[in-house]
Structures are given as C-alpha cells and as structure tokens.
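Take the given structure of chain A and dock chains B, C and D to it, following the hints.
One-letter residues, chain by chain:
4 protein chains.
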Amino acid sequence: MAQQNMEQCINNCLECYRVCLETISYCLEKGGKHAEAGHIKTLMDCVETCNMSANFMIRGSEIHAKTCGVCAEACRRCAEECEKMADDAQMQKCAEVCRRCAESCEEMSSSAASA
Amino acid sequence: MAQQNMEQCINNCLECYRVCLETISYCLEKGGKHAEAGHIKTLMDCVETCNMSANFMIRGSEIHAKTCGVCAEACRRCAEECEKMADDAQMQKCAEVCRRCAESCEEMSSSAASA
Amino acid sequence: MAQQNMEQCINNCLECYRVCLETISYCLEKGGKHAEAGHIKTLMDCVETCNMSANFMIRGSEIHAKTCGVCAEACRRCAEECEKMADDAQMQKCAEVCRRCAESCEEMSSSAASA
Amino acid sequence: MAQQNMEQCINNCLECYRVCLETISYCLEKGGKHAEAGHIKTLMDCVETCNMSANFMIRGSEIHAKTCGVCAEACRRCAEECEKMADDAQMQKCAEVCRRCAESCEEMSSSAASA
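Residue numbers (the numbering used here), protein chains in the order written: chain A, 28 to 142; chain B, 28 to 142; chain C, 28 to 142; chain D, 28 to 142.
Since the hints were derived computationally from the structure, they do not count as laboratory data.
Please note that the accuracy of each hint is not assured.
Here are the computed lysine-lysine pairs in the BS3-like style, where the Cα-Cα straight-line distance is at most 25 Å [to be verified]: (1) Lys60/C <-> Lys57/A; (2) Lys57/D <-> Lys57/B; (3) Lys57/C <-> Lys111/C; (4) Lys111/A <-> Lys57/C; (5) Lys111/B <-> Lys57/D; (6) Lys60/C <-> Lys60/A; (7) Lys57/C <-> Lys57/A; (8) Lys120/D <-> Lys60/B.
Partial list, derived from the structure: chain B residues whose beta carbon lies under 7 Å from chain A [to be verified]: (9) Glu49; (10) Ser52; (11) Ile85; (12) Arg86; (13) Gly87; (14) Ile90; (15) Arg127.
Backbone N, C-alpha and C fix where the C-beta goes; we use that ideal spot for every residue, glycine too.
If we strip away everything but chain A, and leave its shape as in the complex, we get (with noise of 0.2 Å):
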C-alpha cells in the first residue's frame, strides 16, 4: 500500500506543478490582483516544490519524506491564496488540486518520518 501512496502523490505532484505553472500564465495575463508579485511568487514556490517533491519519489530518495513536508507547506499556502479568488474558475481549480497535493505530501511525510 506505501508503494500504492507514492504513485499517487507522485502524479499528485506533478498535476499541481503542471496546473500552477498553467495558473501563472493565466494570472499574469489578468493582471490586477492576480498578479501581484505575492501571489505569483506562491505559485511559483509551489510549482518548484511539486516538481522536486515528485524527483525525489520518483529517484527513490531517502529523505523524500522532508522534500514532501516543504512541499505539503508550498501547496497549503497557495490553496489558500488561490481561495481567496474561488469566484474565478481556473483558481478554483488550482486551490483544488493544491489541496489534494498538500494532503497526499502530508501523508507521505508523517508515515515515512515514522517509518
């Protein structure tokens, strides 16, 4: 089942890094409140911890279980920021898949840090 569980937070990760990197695209082109330098720059760490988290499952790393605790926080935080504008159809479907990353990374950093 732990196999089963990195799969999944492996293509969890690589969905949120793919939908944030679309997202600051599709903000930047907004522009206004969606493009303040705050919350691009939460994109931006969440798209960079997404795609290392998911490097370091898919290399097999020993210490994969702290590159997905950073990661669960980088995808928390930009949920929160993208909820913030949940009236907007492509930030609700990134907060979506950001909460579904957090949860899957949080869950892979608790069971391997207690393994």
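Just chains B, C and D now, kept in the frame of chain A:
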C-alpha cells in the same frame, strides 16, 4: 489541432522525464554497463530537457519550438543508448518513451518554426 | 583555451540566471509595465535556459552546444525586453548581464558545433 | 546583517550545487565505489535542494527557511558520504563545500523560524 498536438507533446515530455528519471535509479542499482558515465549522463540530459520543454509549452513561451528542438535531440540520443540494451525490459520501455517524445517534439519544433 | 571559455560561460549563465530571477521579483513588486505577462515570461524563459545551460556544461554533456544555442536565444530576447526600460537601473543591469551571457553562449554554440 | 547572511547563503548554495554536479560526473567516470547508486543519488539530492534553496532566497520567498532546512539535511548527508572517501581530492573538496552550505542553511533555517 495545434492545441491538441501541444497537449499531447506536454504529456509525452512529462512521461519521458519521469521514465528516464526512474531509469537512472534502475541503472545505478544494476551497475556495470548500465551505470557507465556516458549512459547515465545521456539519461540526465533527457530528464532535464524534457522537464524544461514541458515547462515552456505549459507556460506558452514564444520560444517553445527551440526548446522542443533541443529536447528532440536529447530524446533521440537517449533512445539510441537504451536500444543497445533492449534485452532489458526497463531499457526497452525507456527507449520507446524516448522515441515517442522525440517524434512529437520534432513535430512541435518544425510546425512552430514554419508558423 | 576552450576550457577557459567554458568556465567563463558557466559563470555568465549562473550570473544571468540569478539576476533574472531577482529581476522577476523586482518587476512583480513594481507592477504596471514591469509586470506584463510577456515581460515576466521572457525573464522566466531566460532563468530556466541559463540554469539548464550551466548544468549541461558543468556535467560535460555532449550536447551542451545545443543547450547553449537555445540559451543564447532566450538571453537575447530578454536583453531586448529589458533595454526598453533602460531608464531603470535594475533593468539596465539585467540587460547587460543577458547580453554578456548571450554572447558567450553563442560562442560556445558555434565553436562546439564546428569541433 | 540578516541580508548579508542571506547573500552568503545564496553563494554557498550555488557553489555547492555546482561542485556536487561536477562530482557526479567525476564519480561516474571513476566507477566502482564512487559510482554506487546510494552515493550518486545522495549527490543528486544535494544538487537539487541547493539549486532550489538558492531560488527561494533569490526570489525572497516567505518559506525560504523551510527550503533551507531541507537543503541543510541533504548537504549534511552528502558531506558524510564524501568524507568516507576523503583520500580523494575531489571528494574532500565536495565534503568541505557541503559542510559550509549545510551550516549556513541551518543558520538561515533557525533564524527565520524564530523571526
């Protein structure tokens, strides 16, 4: 149709980046011919160009045809390397994924250049 | 001499990746023309190709001439964008760093291709 | 002083990312103990966390303390691995650079957490 092709090419790049990264770990564990410097470095080149190529398409970058062109080259070289060990299931899988990615990146590279 | 040129080109790429990444934050904070989608995306392209180009040279990859070629293109475009706002010290600095990196990547790209 | 420490930490991360990436090529060429899967993967982990950690500080991310914390862990592990082969000049250099980076990342991680 162009949009559909790009969507497919992004999927191929993300699949190729993931399979090549798995294959690096597999080859390092195997040792011997699998772990030769040239072979591992060719896989690392492929992982990196596929990840970057996906990023440029997801972001809708104006120079994605250029990054797809470099990615096609890295994928072709990686496919050739892996085909030399095609009696090994992981290497054969990797070669197939690299060929598929090389073809779609080549197509993106030519169609955008002539656009 | 080739080795010395590559060393210099790696340094130029790492400097350019760093200055462009700083400039993204600067531009997002500034807002307005600085934060236009096309401008930020051009900077993001430059950050990524410079980082990758450095990686390929540091690793001694056989296709580093190709990655240097793409990087030169991304740097030239970024320099042109930044030069439009050359009354701003950060943008002028960024333009200069991009020009320097474009030139040395161009040189690496041609010399290796003819080797 | 905080700003000065961060500047130094960025430099340490960029140096460590570069030296570890060089060391991967060196180790793969050497073969034998140098090219063992665990050793190469520890170096790859260190390259990636150092590059990311630098990115988060350059961008001025709010969660850079978290990424510095993970980076410190990856650097410590890499230093320990390299110290086992400290009769080899490249491995000794790599160990030193990893120790220096681990220390400054640890410092960034604690000071920001208590801020």
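Status of each hint after checking the structure:
no. : hint                 : in the structure
1   : Lys60/C <-> Lys57/A  : 13 Å, holds
2   : Lys57/D <-> Lys57/B  : 16 Å, holds
3   : Lys57/C <-> Lys111/C : 16 Å, holds
4   : Lys111/A <-> Lys57/C : 22 Å, holds
5   : Lys111/B <-> Lys57/D : 22 Å, holds
6   : Lys60/C <-> Lys60/A  : 15 Å, holds
7   : Lys57/C <-> Lys57/A  : 16 Å, holds
8   : Lys120/D <-> Lys60/B : 28 Å, violated
9   : Glu49                : 6 Å, holds
10  : Ser52                : 5 Å, holds
11  : Ile85                : 5 Å, holds
12  : Arg86                : 5 Å, holds
13  : Gly87                : 5 Å, holds
14  : Ile90                : 14 Å, violated
15  : Arg127               : 18 Å, violated
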